[in-house]
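A.B. asks: Residue numbers (our numbering), protein chains in the order written: chain Y, 1 to 319; chain R, 1 to 319.
Simulated from the structure, these hints should not be mistaken for laboratory data.
Keep in mind that this is a model prediction, so the values were computed, not measured.
Among the hints, a few may not be true.
[To be verified] Simulated restraints on C-beta separations: (1) Y:Ser185 to R:Ala158: 27 to 37 Å; (2) R:Val192 to Y:Lys159: 33 to 43 Å; (3) Y:Lys278 to R:Ser73: 53 to 63 Å; (4) Y:Lys278 to R:Glu72: 48 to 58 Å.
All C-beta atoms in this analysis are idealised placements derived from N, C-alpha and C, irrespective of residue type, glycine included.
Residue strings, one per chain:
There are 2 protein chains.
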Amino acid sequence: MRCFLKTSKGSCGELGEKRLISKITETMRRYGVAEPSPSGPGDDCAALPAKNFGSNMLCTSDAVILGVHFSESDNPRLAGAKLLKRNISDIAAMGGKPLYALSSAIISKNLSARWLGEFCRGLCEAAREYGIKFCGGDLARVEGSFFSMHLSLLGSGAKRLLARSGGKEGDLIYVTAPLGGSFESGKHLKFVPRLKEAQFLLNYGGVGACMDISDGIASDLKCLIPDGCRAVLENVPQTVFRGREVGLKKALCDGEDYELLFSHSGNADRLQKAYKRKFGKELYLIGRFEKASKKEDRGKIFVKTASSVEEFTGSGFEH
Amino acid sequence: MRCFLKTSKGSCGELGEKRLISKITETMRRYGVAEPSPSGPGDDCAALPAKNFGSNMLCTSDAVILGVHFSESDNPRLAGAKLLKRNISDIAAMGGKPLYALSSAIISKNLSARWLGEFCRGLCEAAREYGIKFCGGDLARVEGSFFSMHLSLLGSGAKRLLARSGGKEGDLIYVTAPLGGSFESGKHLKFVPRLKEAQFLLNYGGVGACMDISDGIASDLKCLIPDGCRAVLENVPQTVFRGREVGLKKALCDGEDYELLFSHSGNADRLQKAYKRKFGKELYLIGRFEKASKKEDRGKIFVKTASSVEEFTGSGFEH
Chain Y
1 MRCFLKTSKG SCGELGEKRL ISKITETMRR YGVAEPSPSG PGDDCAALPA KNFGSNMLCT
61 SDAVILGVHF SESDNPRLAG AKLLKRNISD IAAMGGKPLY ALSSAIISKN LSARWLGEFC
121 RGLCEAAREY GIKFCGGDLA RVEGSFFSMH LSLLGSGAKR LLARSGGKEG DLIYVTAPLG
181 GSFESGKHLK FVPRLKEAQF LLNYGGVGAC MDISDGIASD LKCLIPDGCR AVLENVPQTV
241 FRGREVGLKK ALCDGEDYEL LFSHSGNADR LQKAYKRKFG KELYLIGRFE KASKKEDRGK
301 IFVKTASSVE EFTGSGFEH
Chain R
1 MRCFLKTSKG SCGELGEKRL ISKITETMRR YGVAEPSPSG PGDDCAALPA KNFGSNMLCT
61 SDAVILGVHF SESDNPRLAG AKLLKRNISD IAAMGGKPLY ALSSAIISKN LSARWLGEFC
121 RGLCEAAREY GIKFCGGDLA RVEGSFFSMH LSLLGSGAKR LLARSGGKEG DLIYVTAPLG
181 GSFESGKHLK FVPRLKEAQF LLNYGGVGAC MDISDGIASD LKCLIPDGCR AVLENVPQTV
241 FRGREVGLKK ALCDGEDYEL LFSHSGNADR LQKAYKRKFG KELYLIGRFE KASKKEDRGK
301 IFVKTASSVE EFTGSGFEH
């Protein structure tokens, strides 16, 4: 479907700001994902009952930009769903539950209103699936051919959260699926945020550090390594794409996996069996936080093979 | 100060994503406007104590885009402050108190790192002034020459809020300052969000509908007119700029005033005197919601002169 139009017929510019906002809000209401004001769109702010948020109100913010996070040839519904799911993945990685979204678009006037409608339908379908309500937003126009949408997602969290800072020396490191090749395989549009898996881990106990993989673990894992330690990886599972594995470098560096990366201090076999019973799929043990005897190894990632342990110097994906 | 650079020296592209984020976070810490994780930046989400939000958690989202909401010749510190103040103005208009901000930038690699630093300093100065803490954000890169920053602002609200929907037939309509010419006079960068004034009105009682003026009251006031009514305006105060009033049309249509527009059911003289005692400045009575005897007049704005009452057909500012 064409994204930018050559004439004004059918464009967002032709519709104008007010009618465009009405159409988007109307789509949200039709999908049952916008509550009436003051909890929904329509006032200066949304007013949300503070008691809905549990002990900790979780908030995160991420955008999708055409040409950066998806391309003109991608299905706009999947792109819309991706925007919401990227943010859900962050709430999941803290062990929370997503509740409310604020969305804000920047568009050029030659953007196809039909294309934008499809994008919004994808966004609303995902919101319905995950029980999220839109509570407001904003629209701004720029010159040229441009589209981005920003989303802030609010969720509820228990007293106990999954944080990046909880890792300890000796913790084992896990991921929830094979990694890499997310752009080529289309996974970056179709992934499922690991809400249920994170809830399971929070209840199971023993999780040290946890985050979702967005820039690739070559970059992300460095945020989890405890003081004075290094991460030593072994058997990193690689995505099989067109019949072959993507390779270790891509598995570590590609980014946009949206899987959970976490450390755990308990028995690996018991955890993996409980996870498999619950979800019918593997939990991948990929390494361990070890004390770094050399000062210069601290905070770094190493890969262990049959014959050696070598520093991995590839870097993650920068959006 | 130059915004986009011709060579990579001193550009955001030269610094790279990680160092850019570190620099921004460092600026926030220096100004004392970022708390440590998990309430501040550094994890997948910020976790904010839900009890801080009172009965109602208020949230709003607005952006500033270079070339739309400010220009390359504007002081980047004022542009940064504007981003925060636009959002504060929305929280104020609901009678709330701003608490936490999430900021998200879209930048091109030729953006000057020094310019961005100044923008962020303006943002942080405003955050310090209004007691707001940054709890997270996001950075994305696009081609060309582009800069926008999005902000989501969270605040606390009491059980009783100032809403757009509370107006009644017979309510008098007020604004907190003369209107119009905000772009030419530079007010759009230097305005003061009406937090204290809104708190005063909430405590004083009798406020019907309330909002902040962003698109001009030719457009905004229509959101407040009660069912079956019309708004009749008289004596709309106009901004004096370069020694002359901006004119009625500009006062109603220009937008970006960021003043409060509200209706009140009580005695006008008493309210205006109490307001003047408190703030040492005028509260402007500009009209009234009247029953619309003709069906086609409902929801519309009329202007009363010495000799006639005529519909005002100008439209507000579309960003």
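A.B. asks: Cβ-Cβ distance between Y:Lys278 and R:Ser73: within 53 to 63 Å?
C.D. replies: holds, 59 Å
A.B. asks: Starting from the hint 27 to 37 Å, judge whether the C-beta atoms of Y:Ser185 and R:Ala158 obey it.
C.D. replies: violated, 50 Å
A.B. asks: Is it true that the C-beta distance of Y:Lys278 to R:Glu72 lies inside 48 to 58 Å, as the hint says?
C.D. replies: Check passed, 55 Å falls within 48 to 58 Å.
A.B. asks: Evaluate the given range 33 to 43 Å for the C-beta pair formed by R:Val192 and Y:Lys159.
C.D. replies: At roughly 39 Å between Cβ atoms, Y:Lys159 and R:Val192 fall inside 33 to 43 Å, so the hint holds.
The structure does not agree with numbered hint 1 stated previously, though it agrees with all others.
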